[in-house]
Every structure is written in C-alpha cells, then in structure tokens.
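Residues per chain are reported as follows:
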Amino acid sequence: MAGASTSMRLRLPIACIALEVILIILFGVAVEYDHDVSGEAGHKTNTTHHDYENEFYYRYPSFQDVHVMIFIGFGFLMTFLQRYGFSSVGFNFLIAAFSLQLATLVQGFLHTIMTGGKIHVGVESMINADFCTGSVLISFGAVLGKTSPVQMLTMAVFEVILFSVNEFILLSLLNAKDAGGSMTIHTFGAYFGLMVTRVLYRPNLDKSNKKNSSVYHSDIFAMIGTLYLWMFWPSFNSAITLHGDIQHRTALNTYYSLAACTLSTYAFSALLNHEGKLDMVHIQNAALAGGVALGTAAEMMITPFGSMIVGFLAGAISVLGYRFITPFLESKLKIQDTCGVHNLHGMPGILELFTVSLFPKITSDFPASAQAGMQAISLVVTLGIALIGGIIVGFILKLPIYGAPSDSQCFEDGVYWEVPGEPEDCQELAAVKSGEESEKLN
Amino acid sequence: MAGASTSMRLRLPIACIALEVILIILFGVAVEYDHDVSGEAGHKTNTTHHDYENEFYYRYPSFQDVHVMIFIGFGFLMTFLQRYGFSSVGFNFLIAAFSLQLATLVQGFLHTIMTGGKIHVGVESMINADFCTGSVLISFGAVLGKTSPVQMLTMAVFEVILFSVNEFILLSLLNAKDAGGSMTIHTFGAYFGLMVTRVLYRPNLDKSNKKNSSVYHSDIFAMIGTLYLWMFWPSFNSAITLHGDIQHRTALNTYYSLAACTLSTYAFSALLNHEGKLDMVHIQNAALAGGVALGTAAEMMITPFGSMIVGFLAGAISVLGYRFITPFLESKLKIQDTCGVHNLHGMPGILELFTVSLFPKITSDFPASAQAGMQAISLVVTLGIALIGGIIVGFILKLPIYGAPSDSQCFEDGVYWEVPGEPEDCQELAAVKSGEESEKLN
Amino acid sequence: MAGASTSMRLRLPIACIALEVILIILFGVAVEYDHDVSGEAGHKTNTTHHDYENEFYYRYPSFQDVHVMIFIGFGFLMTFLQRYGFSSVGFNFLIAAFSLQLATLVQGFLHTIMTGGKIHVGVESMINADFCTGSVLISFGAVLGKTSPVQMLTMAVFEVILFSVNEFILLSLLNAKDAGGSMTIHTFGAYFGLMVTRVLYRPNLDKSNKKNSSVYHSDIFAMIGTLYLWMFWPSFNSAITLHGDIQHRTALNTYYSLAACTLSTYAFSALLNHEGKLDMVHIQNAALAGGVALGTAAEMMITPFGSMIVGFLAGAISVLGYRFITPFLESKLKIQDTCGVHNLHGMPGILELFTVSLFPKITSDFPASAQAGMQAISLVVTLGIALIGGIIVGFILKLPIYGAPSDSQCFEDGVYWEVPGEPEDCQELAAVKSGEESEKLN
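Chains A, B and C supply the protein sequences, listed in that same order. Just so we're aligned, residue 1 is where the first sequence starts under the UniProt record's numbering, counting upward by one. Just so we're aligned, residue 1 is where the second sequence starts under the UniProt record's numbering, counting upward by one. Just so we're aligned, residue 1 is where the third sequence starts under the UniProt record's numbering, counting upward by one.
Chain A on its own, in the form it takes in the complex (with noise of 0.2 Å):
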C-alpha cells in the first residue's frame, strides 16, 4: 500500500534520534565556548567596562534579524501552497534546526583544520550556522512538496559538508569577498537545489496533481515570509561584516537595493499580465532579489545610487525568470522548481559577479581586476561544486528508502501530517455535498 511505502514511524524517528545523537558526540569532543562566552578573560565576577563590549552586543541583534529569517521569513514564504502549509513551516523548521547543528561542526572544523585545536562557537558561529541552514532552505524551495522529511534531513546532511567545503574555498583559499553570501549561499542553494529536483524529476506530475497552487490565505500567510525577509535582509547581508562604517554601510545598501526591487518587481509584474493584474507568486518572491544581487557587494563604497541600479535589474531579471525561464526549465530541462528559487536565488546570485566586476570601476574603492578575476573563478567553483553536488546527492535521494511521497501525494500535508478536519459549519457543507451525490447513485 502506498501509505505503508511513506510511513515516518520509524524513518523519521531513527534518522532524527541517530543524527542528534551523533551531533551531541561530536559536540561534546570536539567544540568548546570561545573566550567571550566562557569568560576566560578572567572578569566572571563583577560586571565591568569590559563585559559592556562583549562581542554579544554588537552581533546578536543582528543575529535575531537573521534566525526570524531563517525560521519565520523561509518557513512562511513556503506556505503559499494550499495545502502544504504544515509541511513548509514544519519541515522548514526541522531542517533548519537540525541544519544549524551540524553546520556548526563542519564549518567549525574546517576553520581550524589550519590552526588546529577545538572548534570554537559565540555569536558569530550563530550567525554562519544559520548563513548555511538558510543554503539549505533555497534547495527545500526547489523541492518543495515533492520529497519526505527523511529525504530532506539527508540532503541537509550533504548539503551542509558542501557548502562549507565551497565556503572555505571562496573565503579561505581563494580570498574572495561575500559577506552576505551572494556566491555561497543564494548561487550555491540555488544550483544544488535545481540539480537535486532535475534527477528525482517526476513527468506525471502535472497531469496527477491540482495542489501545485496557491489558495487566498496561503497567499497571505506567504506574504508574512516574504517581508520578514525583505525587512531584515540588510541585517543578513550586514551580519558577519566588520564593525563600524562597514557594517552600517552594508545595511545601508541592501535597504536601497530593497526598495528599488519592489518597484521593479511590481513594474513587470503587471506589464507581464495580459490583464494587466499583479501576481503574488512575483511579489513574494522577486521583491527579495535586490538584497541577493547585493550580498556580494553591499559593503563597497557602490553608494545608494549603486544599489538601486542593481535592485531594479534584479527585480527585473527575477519577474522575468517567473514568467518565462521557470516554464521553460519545467519542459525543456525538466527541472521542477517548485518556489522558483532560480529567479530568486539563482540568477540575482549570478548578477552579483557583474556587480563587482563593474563598480570598483567606478568607485575605485576595490583593487578592481585582480579581484573581479578572483570573484569570477570563485562563481566557477560555486557552480561547479553546486551541479556536480546536487547530481550525486540527488542519485542518493533517488533510493527507495526514505518514504518520498507518489505523484499524487504531493504538495499534500496529508501525508505525513495529522490534518484536522474542516470547522463544523464545513463539514455539514460537505455532508451535504456526499448526501446529494449518494442520492444521485441511487
């Protein structure tokens, strides 16, 4: 029986169960608090000048903008499907929590496989653990509602090891610039997540599924994420920056860019309608392209000015995507894009490369070449790891094990959750309904 073949009963529990206990192992030998969260500076007593500067308070403010993020501004813009909403904000948060954990570890690790030693954690392993878990999440978008949560939690494993491999390439080796993650986080979720949907392709879906869609509160619930998100981007893209004007310069920025995707985003919405009428699928989406196509370059001296070109183009470029390159991906290439996260994530990734290429031209703020040519072979890794990763990991998820859901048990809640009927009222409505047809039979 198909409901036996996607039974969590002992999946769930044992990946769940083996991986946190593996996790707390590991975190138990290997990690220990970094010198401002163990207080050993020696100054436990009494409260001093010197805990007034703990790093503490000049990073978590910024990490509470990114974890609401993480859980609230990805959980909830994935809500928009009509009845998947217990599966995108939960699994969203199942993910995500286990995501953070293991990021930790291995983004930790390879930070001091230089140095030696144990691997440190404070405010700022906060805000990289949750910069991978939000990779992740860009990939569940593109698989959205096609995949079990034992599918998902074994992508994450993947995923997290690859990305931060790829991220200790860029930032390490390479030397490139990207704070606010436009290459290792957006381009990188984004390719990886394409890859993953195009090897567990399903070619009947379409034909055996009508939930692929949106209804009017799902649309609403959506919009909470969405404008979490925007809000607090020039918190992510400024988290990890360096203090003092740098940082501020970085928020400042990604708000500019914000502001002048959202009219973009509503320009082409509509001209693209034959009716001249705006699509929520662009308004939740495209309007967060400006503070992707900025995470690169958001802490240059671009200037407001600057930022506004690249947001509009990536409002612009992001509508665009929805309306003709998605489809085409779907029956040309065969990828299954479900939240379209190549038109959020994948292209305005990319536009940040001729963002750097183009402004320290300009500005003269940035050793130009030299950098543009090491952001362009850093983009090449970014891509190359992505695809090749994203192929591999999907061949694994392909195996028959982990209780993914038939085509018509997609976008359906029904399936691993416990749905709650319908209120009262409804279902008299629907007793009604089944009344009438059973006396239609007789």
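Wrong hints could be hidden among the right ones.
[To be verified] Straight-line distance between alpha carbons at most 25 Å, and here's what the computed DSS-like set of lysine-lysine pairs gives:
1. A:K207 to A:K334
2. A:K277 to B:K211
3. B:K332 to B:K207
4. A:K211 to C:K277
5. C:K277 to A:K210
6. B:K277 to C:K210
7. B:K277 to C:K211
8. A:K277 to B:K398
9. A:K398 to C:K277
10. B:K210 to B:K277
11. B:K398 to B:K334
12. A:K277 to B:K210
13. B:K277 to C:K277
For the record, the hints were derived by calculation from the structure and aren't laboratory data.
Following the hints, complete the assembly by docking chains B and C onto the known chain A.
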C-alpha cells in the same frame, strides 16, 4: 468596459519605472554616505574602538522595530477586509518602498537647504524616511479599498513633499518638539487622508458593495499588525531622540501609556455594545492610541503616572470615535474613512497638545507656556497644510487617468490581482450549489 | 437566559476601569524613574559618552524579544483552537497589558521592602514585569476556552501577587539561581494553572462541546506563536543575567538546547502515532521545552554538549506527556489542561532541578551540593505556593459573578466577541444547506 478602465498593464509599469528612474538619478546627483557610513574618519583597515561607537549600534535595533511597524504593522493591520488582503499588504509594501526613497530625498534636501552640501544618508535618515512613510500609510488607511495603486503612488508623491515641508517648518523653523511625531506623522497623515477621501466621496458605495467588512480569519491576520505596532511603539517614539536617559525614558513612558490604553479600550468596547460584546475593530485600533497620544510628550518627565493617564484617555476617546464620530463623519460630512484613521491617528494626535500643555505645569520639566504656545501654533500649521493639501491632492486624484475601481469593484482584490481559486473541496461545494440553482431554474 | 449571564457589558468595563484607576493611583504614589531613566546624573543637555553606556542599549533589544514572546508568542500559540482565535490573542493581550503593570508594582514593592524608598522603573523592571506576565499566560493556557475575561483578570491579580512573593523568597531569601525562570515562571505558572483548572473542572465538557480542537488554518496561525517563542527563547533566558560572557553563554546554551529539542520532538511525535504521522500539537509545544528546561542552568558552564542533552530529553518528555500524561490527568485527576501546559512548562521546569544538580558535578562551575540543595528547597517552595495558591484562587474564580461560559459556550469566540459572518460565497453555501434542511422538514 470596466475591466479595461482599471487595467494596470501600462499605468503601473509606467508609474513605477518612471518614478524609480527619477529617484535613481536624483540619488546619483545629490546623495552621499554620512561620515560614519563611509568611514571617512580613516579607520577602515582594522576594527578599532571607534568602530564600536558607530551610530549604527545605537539606532539600528530601533530602526528595525520601526521597519517592522511600517511593513508588517501597517500592512497586516489593514488586512481586516474580507477580500482585500493582497491589496492591503501588497500596496502597503509598494507605497512604503517608494515613499521611503522619496522621503530620503525631500527630507534630506530640506535639511541641507540652510547649510548647503549633499544629502547625507545613514541610519538616522533611514528612520526619518520610515517616519514619513508611516504618515503616507495612515492616509492610505483612510482611502483603503477605493483607489488604484497608481492613484496611491501619486498621492504618496505629494504627501511626502507636504509632510517634509510641514516637518521642516515645525522642527527647524518653529522649534516645536515632536520626536515621536504626534503632529508631524499622525495628525498630518490622518487629516490629509480624510480630506482626500472626502474629495473622492462615493455616494453609492454602501448600496453596491458588501465587502467593506471583515471575516473571521482576516480579523486574526489584522491582529498580527496590531500587536507589532503595539509592541514596537516604544521603539517608534524613541527611535530618533537624543541618546541616554531621554531615549530610555521615551520608550518607558510609551510602554506604560499603551498598557493603560489597552485596558480602557477593552472597557469601552464592551460598554458601548448592546450585548456587551467586544468589537475587533476597537481592539485592533484603539489599543494603539496610547502610542500616538504620547508621540511628543514621551520624552518629557511626565512620569509613568502621567503616561498612563494619557494612554487611558486616548483609548477611551478612540473607541468613542469609532462608535459615534466615524458614522457621523460618513453620514454628515461625507468622509468615508475605511480604517477609522481619525480615531487612531487624528484625535489622539490632537490630544497630545493638551498633554504637552498640561504636564509642564506639574512637572516643571519644560519651559512651560512659551513652548506650549509654540506647540499650539505647530498644530495649527499642521492642520492647515494637511487639510488644504489633502483637498488639492484629492482633486488631482480625481482625474480619470489612474484606473480607479468602480463602486462595485471596491474592497475587492480581484480588480488588480490574480486571485487564486478556492481549495478543491470548496470548488466542489460551489459546483453543488450552482448545479442546484440551475436545477431550480429548470 | 444563558446570554444574559455571560454579558460583559458592565462586568468587563467595571473590572478594567477599576483596576486601571487603582494602578494609576499606585503608580502616582509609589513609582519613580530609575536613575538612568531620569538623567539625574546631570548629563541632560548634551549627548555625552556616558549616554552611550545607558543600560537601555544593553537590555532593550532583549526586552523587545521578550515582549514579542509575550504578545505574539503566547497569543498566537493559543490560536490553535478552531473558533477561539479572537479570545486567544485578544484576552492574551488584555491580561498581559494588565499584568505587566501590576507586576511592576508588586515586584518593585517587594524589592524595596528591605531598603525602603520608591519603586524604580526602567528597562530591567520592564523585563521582570514581562517575565511575571509570562507566568500568568502559562496559567491562562491551562484554562483557555473555559473562562470569561473578568475571571482571567481576577486570576491575574492573585497570580501576579503570588508569583512575586515566590520569586522574592527564591531569589532574595533563598539565593536560588533562576535567571531564565524555570521555577519562578514555568513551574509556578503551570502548577498554579493546573490547580485552577482542577477546581473549575467541567465534567460534561467533552460531551457538549466539539470545538476543543484545531482546524487547518488555526494550526498555521499557532505556528507563528511557536516559532517566535522558539527563536527568542535565548533572549528570554538571557534578558536579565549579568552582562558580558554570562549573557552571551546563556543565549548560546539555550539555542543549542532548543535545536536538539526540536529533533527529539519530531522523532517522538512520529514514533507515538500509529501511522507515523506528525502531530501539530507536539510540534507547536514540545519543541519549546528545551528553552524551559534550561531556564536556570543556561548561564552555567554546562557546554553546548550538556545543553543539547537537556534539550533532547525535554522534547522527549514533553511529547510523552502529551501522549500519555495529559489524557491521564483529565480522566483520572479531572484536570482539563487545554494547552497542555503541564507538558511544556510543568515537567520541563522540574527537569531543570536534575540539570542543575547534575551539571555542577561534571563542570565544577558551581558550588555544587549546597546550591543544589537550595535549588531543591526552592522547587518545593514554588510547588507549594503554586498548588495551594491555585486551589484557593480556583475557588475564588468559581463564584458565579464573572460571567463564565456554559459548557456549550466553551471554546467559542461568539460568547464575548462580535464575530463577523462568513465570506459571501460561504453564506450562499450555508443558505443552500439550510434551504435543503427546511425542504427535508417539509
């Protein structure tokens, strides 16, 4: 055809792209980073002690709270209408993203008019721009459901300019006090919006339209907006005050005013209902009046005691306004105030004058009568600019070029948005219903 | 008539106005600004370096996170009931706004009992008042759906006083440690509420009422509450610790505990369901137990490893509680615990004692046995005051003067709120239905 006349296919793209291009050009010509954004002090290479004193760390958390109020607070507060959720939160998003860019320019231009030089941007300009945006969104609340997005963008252009002129007169010329914007934001936005909706009066609206009301879920969505406005109002009033005890005190006083306001709101809402039942409209709106009414006085030594009295009165006045004054405005003065902004922003903003006049006498914190007189003059100026400006802008918005909805299209997302169908089950029910109707016709 | 006996037309206004007037008078008599709120240090005219060291900047972001937990977190967590969303979020709002004012007075009074002088208010008193409010809202969760708002306000009066007395005994007399309030907030609030609901036991509730359950959208609304509580729990536990590494460590440990707790919650939720399906009640609640269980220990050097073990156990215990203990409490002990606060706040709060007793032995951070004994005594005191207080207050709330709902009116907004009709389409469907029924009757 009615459908054609409301089409946004060309109107909205032209408006958005033209406005954004003009904004980008003006930002390119006139705007530069503030000194602690550009790092001109020369501490760019290493993170120094100086970097930790960047204004960013003392304003950005307040800014983010204000930002949440603008996009989630106002946006979701207006989702109470049963079929206008996309427009409420979506047009709020569009208008706000536009207004904050224009406000940066106009406020900045007026700020440099004395001193010359370029417009400087940083976290303070971000807060001030969000404040001006708040005023536009208050006016949006008065005309909600009865206008096209192009009409709203046009209103925003004029209102941002008039807001900034009024703010400049009050704060720079008259030396009025108004850190939390009782007059500049709330009184101005409310009376401007009331005049616009007066000019746009639709005599047959109630007869042809049943959608100017809430449903169960839309009222819960609206509470998201209410609660974020309520929780973060202390940040709003204190976001731009001087640092130190003044900022601390402003947040504290606002917090007490809001708490007391909530109790009087519940009390009067039950008292004025024949069955003693609470009305969601009151809870969603009047409970916030305590924040408005303390916009000016919150930074003074008015004590928690004084704050609570003001908050208590503001809640009572606001509920009474919803019960008695809104129907009067509509029936007698032909002012159709969709969200009741007169009760939340108009009257409480004026109540402020009494607060500011009264408290100096008992606290001796304030050079009493001279300043009180100046506050009164400021209120007259604000009302003058808002009322006259609102009438003129109302007539500009009456031109038949904006694709405004017909009476029967008001309060209905379907005019400007692709609205998804109902969930599958509901469609079947609807089919049952229409089937029966056709049977009856046979 | 039943309708008359539940009317809030006079009861609620009298209660709200009387309570608020008393609060205002007591604030006027007994409260003054803390020294860094009033600016008594004499640095009022210019912004000096000193102003940047105001406690406001080091506590206010944490305060706002806690504030969101109280109003959005608790408020929306309780919206899971199908027709009790207005009451859940609305009465939560009312009770919290009242409780934080009263808590400021009672906590402040006890604080000055030794030293004399007036009650000082500032950002620390704001956090402490929100903490006390949290305890009242936990008890609200136990009786949710079965009480009138006046009953809840009455409960809040007594509970705030008893909470503050217990907190004073623990922290000031017994020198217990409890920065995050495992005992003072969670254990106290849970067992107090359980006793109140025991005394208010309704034997025929399940027979006459089908509304004590969720619907699809209400479960998604509840996830908003869950996620905000989950994300901001690190701020909750660390909001009032000493500054510096201790605050940093408290947030970090809580974050790891919650992450591990989430994985064990999903594991046990699937394991205990016959079809292996996840239960929203578990996810919404048990995933938070990791924050409760670390309320005391989070500031200690228990390491991420220790935090994750505690969180993992807390999640498991909490799910097991929902599955086995809640039905037992209801059928055998006649305790009808609407939100299952025993599983989220009761047991995890007690688990804390084992944590605090266990970890000092392995970390040597803590003067072990003496303090562990004091923590045990504190837990006994807390349970004693909560259980006895809850029974007494329960009997006070049983008086037939509060307008409590009848059994069939429980879990139904319509008793105390003006509830809007269904959307037009639904009304037509309902008309179809009733039309048919009348046909059948004919």
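Now the hints, each set against the structure:
Between K207 (chain A) and K334 (chain A) the CA atoms are separated by roughly 15 Å; this keeps the pair inside 25 Å, and the hint holds. Note on K277 (chain A) and K211 (chain B): the hinted pairing holds, with a Cα-Cα distance of about 20 Å set against a maximum of 25 Å. Of the pairs offered as hints, the one joining K332 (chain B) and K207 (chain B) holds, with about 17 Å between alpha carbons and a cut-off of 25 Å not exceeded. Our distance criterion of 25 Å between C-alpha atoms is met by K211 (chain A) and K277 (chain C), whose separation comes to about 20 Å.
Our distance criterion of 25 Å between C-alpha atoms is met by K277 (chain C) and K210 (chain A), whose separation comes to about 23 Å. Simply put, K277 (chain B) and K210 (chain C) have alpha-carbon atoms about 23 Å apart, close enough for the 25 Å limit, and the pair holds. With a CA separation close to 20 Å, the supplied pair K277 (chain B) and K211 (chain C) stays within the 25 Å bound. For the hint linking K277 (chain A) to K398 (chain B), the alpha-carbon distance of about 22 Å falls within 25 Å, and the restraint holds.
Simply put, K398 (chain A) and K277 (chain C) have alpha-carbon atoms about 22 Å apart, close enough for the 25 Å limit, and the pair holds. Between the alpha carbons of K210 (chain B) and K277 (chain B) the distance comes to roughly 23 Å, so the proposed pair stays at or under 25 Å and holds. For the suggested pair K398 (chain B) and K334 (chain B), the alpha carbons sit about 16 Å apart, so the restraint of at most 25 Å is met. Between K277 (chain A) and K210 (chain B) the alpha-carbon distance is near 23 Å, which keeps this suggested pair within the 25 Å criterion.
Distance hint between K277 (chain B) and K277 (chain C) is unfulfilled; the C-alpha atoms sit about 40 Å from each other, more than 25 Å.
The structure does not agree with numbered hint 13 stated previously, though it agrees with all others.
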